[in-house]
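Trainee: Residue-level listing of the chains:
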Amino acid sequence: MTTNKIYESIQPTRPWQASMKDRLTTGFILIFSLFMATLLVKITGLSGKLGFFVSFVFIFVALTSGREYRRFGSASAKDALVNTVVAAGTFLTLIPIASIIFEVFSKGYKGIYPGLFTHDMSLNSPNDPANVGGLGHAIIGTLILVAIALVISVPVGILTALYLTEIKGKLSQPIRFLVQAMSGVPSIVAGLFILSAILYPITKQNSAVLGSLSLAILMIPTVARTSEEVLNLIPSDLREAGVALGGTQWRTVAMIVVPAAKSGLLTAVILGVARIAGETAPILLLAGGGDRFNLDPFNGPMGSLPYFIWNSFKSGTPESIARAWTGLLVLLMILLFLFSTARFLGNRKVGK
Amino acid sequence: MSTENNGDKNNMETTTTPSSLSSVASASKRKAINSHPMGTGLEARGVHAWFGKHHALADVSLDFAAGTVTALIGPSGCGKSTFIRTLNRMHEFIPTAAMAGQVILDGKDIYDPSIDVTKIRLKIGMVFQKPNPFPSMTIGENVLSGLKLAQLKTENKDDLLEECLVKAGLWNEVKDRLNAHGGSLSGGQQQRLCIARSLAVRPQVLLMDEPCSALDPGSTLRIEETIEELSSTMTIVIVTHNMQQAARVSDYTAFFLSDGGPGQMIEVAPTNEIFARPRDKRTENYVTGRFG
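In the order they appear, the protein sequences are chains A and B. If you're matching positions, the first sequence starts at 1 in my numbering and goes up one per residue. If you're matching positions, the second sequence starts at 1 in my numbering and goes up one per residue.
Read the hints as simulated data drawn from the structure, not as lab findings. Note that the coordinates shown come from a computational prediction; the quantities given were computed from them, not determined experimentally. All C-beta atoms, glycine included, are put in the ideal place defined by N, C-alpha and C. Among the hints, a few may not be true.
Some but not every residue of chain B turned toward chain A, in silico, with C-beta under 8 Å [to be verified]:
| no. | residue |
| --- | --- |
| 1 | Thr40 |
| 2 | Ala44 |
| 3 | Asp59 |
| 4 | Arg89 |
| 5 | Glu92 |
| 6 | Ala98 |
| 7 | Met99 |
| 8 | Ala100 |
| 9 | Tyr111 |
| 10 | Pro113 |
| 11 | Val117 |
| 12 | Thr118 |
| 13 | Thr154 |
| 14 | Asn156 |
| 15 | Trp171 |
The list that follows gives simulated cross-link-like pairs (lysine to any residue, SDA-like), each with its CA atoms no further than 25 Å apart [as the list claims (entries may be wrong)]:
| no. | chain 1 | residue 1 | chain 2 | residue 2 |
| --- | --- | --- | --- | --- |
| 16 | B | Lys108 | B | Phe93 |
| 17 | B | Lys153 | A | Gly73 |
| 18 | A | Lys21 | B | Ile94 |
| 19 | A | Lys21 | B | Ile104 |
| 20 | A | Lys78 | B | Leu147 |
| 21 | B | Lys108 | A | Ser125 |
| 22 | B | Lys123 | A | Leu39 |
Some but not every residue of chain B turned toward chain A, in silico, with C-beta under 8 Å [what the hints assert, rightly or not]:
| no. | residue |
| --- | --- |
| 23 | His55 |
| 24 | Ala58 |
| 25 | Ser61 |
| 26 | Asp116 |
| 27 | Phe134 |
| 28 | Gln151 |
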């Protein structure tokens with residue numbers, strides 16, 4: 001380790017990164033473009049946020065490209081132009097997401113109080129002030145609905161994907177087509193199907209498990225398609241290596257292919273949950289809503305957050321609308337929590 | 001070194017290998033330096049490389065004279081590939097990468113902020129370990145792809161196409177199917193196609209990172225002939241694990257080694273000297289196959 005001692009005085013550098021002067025110039029161009037855009041909006045016919053954004057992007061792109069042109073010529077200028085336009089596009093995509101989150105937070109946080117999570121609405125109407133009642137029943141309901149749908153569709157979806165990528169049987173092509181077609185099924189159709197196939201002829205009452213069944217119909221194609229994409233990315237060398245060591249196909253898939261694709265399969269499940277967690281229409285038809293705690297998924301109507309939000313908005317009074325925003329905020333937080341937990345659990349073992 | 005091995009049980013093997021290597025090396029022609037017009041070579045001055053906190057390469061100074069072939073040899077993990085990637089600024093594609101030192105081309109440091117990196121890579125071409133013809137292009141399009149990518153103009157594309165493929169030793173095999181896809185060629189042909197592709201933009205320096213490691217001996221031989229021919233018009237740096245190959249194709253050989261710390265260049269010398277009379281004990285151990 002004597003070698004390390006000798007080189008201690010030499011510092012790692014990254015000459016390819018922008019220097020301090022470059023960054024200052026970029027900052028100056030940014031501020032100057034903002035200023036010019038403001039000026040343009042003031043003195044010309046352009047108006048509003050859109051006009052400001054468009055003129056800002058134009059000025060910024062022009063100045064950045066011009067600077068690159070002076071440094072390295074036209075090819076480099078075009079490179080900078082495309083880079084800046086792509087960055088502006090990314091920023092533009094983030095605007096709606098950021099404004100949704102901002103809107104939900106700013107309108108929803110007022111309704112948060114400790115009792116919100118432990119009370120239901122059985123004794124209150126949506127029009128009561130925000131500090132009575134709660135949406136505990138809706139949170140529990142959503143979790144139960146999603147959990148049952150998850151238990152049904154994750155095995156079915158992943159096994160379908162394994163059939164398509166590993167077994168590659170004769171039915172692969174029709175199944176792939178069917179799965180793709182099914183991923184476009186509107187949620188109300190899935191709801192009506194369960195309604196007419198099970199609820200009316202057999203159970204004759206609302207229950208959470210029926211809602212979960214319709215959610216599973218929506219979730220399976222998403223899980224199956226994403227899993228198929230992920231499993232296709234696993235190099236076939238790995239499968240050959242497993243089989244060449246004397247493993248059966250099932251052992252190879254279970255021990256090598258699926259673990260290698262674990263992170264991607266988790267993404268498939270998360271996308272599936274994201275597809276169904278906010279579904280309202282089939283829940284309305286099958287789980288039926290309800291404003292009290294109901295922990296039995298097989299009997300009686302069960303509340304859920306999307307239903308709660310829909311119902312509160314429908315009432316239309318200021319109190320109920322505030323309640324709906326709070327419901328949206330809670331739904332958003334639950335999804336965020338579920339996804340970050342899943343990501344954390346999924347990445348933990350990969351890192352080891 | 002033969003006297004040192006006399007008491008060794010395996011002395012037949014250990015002594016015959018270097019002597020045969022050195023005889024091959026001395027048989028390869030030594031070119032007069034500065035006798036050709038292609039630039040003034042490439043010079044690395046005190047190059048260090050890091051991946052995050054890991055110091056992968058320490059203080060390598062090497063002068064690649066114009067028109068010479070330099071082989072970089074050494075065991076896996078000694079920093080050869082890292083070093084060759086610092087020579088045309090491919091190193092910086094790794095997000096955590098950092099470096100120190102200078103690489104001088106035509107009297108200028110290629111890491112200077114006033115230098116356009118794309119023009120550097122145009123002058124210093126690279127051939128990779130795995131043949132990588134562009135899958136969406138035909139053989140002809142592959143060869144001329146550099147011109148399109150860098151938006152260069154050429155007066156006669158057909159002449160250039162033929163010239164590059166001839167230089168890469170592939171013309172006779174593909175002249176009747178220039179519109180076939182690059183993937184339809186064998187591995188060795190694909191690699192020569194990649195060489196032809198990097199020649200089309202007329203680089204001053206060609207870096208080759210183990211270009212023959214995935215190829216059969218026949219294809220390897222063809223590529224070595226190609227290197228031999230090219231060396232009259234450009235400076236070539238080749239990383240190789242194959243010491244016979246280093247002895248066959250190179251004018252100079254540099255030996256790299258890591259002792260657990262960062263990789264270092266132990267010794268550089270004319271190839272026949274490195275194999276016949278290495279100055280450093282570690283080089284001798286490596287080239288005689290006694291490295292452990």
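Trainee: Each hint: holds or not?
Mentor: These are the hints, each one checked on the structure:
no.	hint	result
1	Thr40	22 Å, violated
2	Ala44	14 Å, violated
3	Asp59	6 Å, holds
4	Arg89	7 Å, holds
5	Glu92	4 Å, holds
6	Ala98	3 Å, holds
7	Met99	7 Å, holds
8	Ala100	5 Å, holds
9	Tyr111	4 Å, holds
10	Pro113	6 Å, holds
11	Val117	7 Å, holds
12	Thr118	7 Å, holds
13	Thr154	16 Å, violated
14	Asn156	23 Å, violated
15	Trp171	30 Å, violated
16	Lys108(B) with Phe93(B)	22 Å, holds
17	Lys153(B) with Gly73(A)	16 Å, holds
18	Lys21(A) with Ile94(B)	24 Å, holds
19	Lys21(A) with Ile104(B)	24 Å, holds
20	Lys78(A) with Leu147(B)	17 Å, holds
21	Lys108(B) with Ser125(A)	78 Å, violated
22	Lys123(B) with Leu39(A)	45 Å, violated
23	His55	7 Å, holds
24	Ala58	5 Å, holds
25	Ser61	13 Å, violated
26	Asp116	4 Å, holds
27	Phe134	20 Å, violated
28	Gln151	6 Å, holds
Checked against the numbered hints listed earlier, the structure breaks hints 1, 2, 13, 14, 15, 21, 22, 25, 27; every other hint is satisfied.
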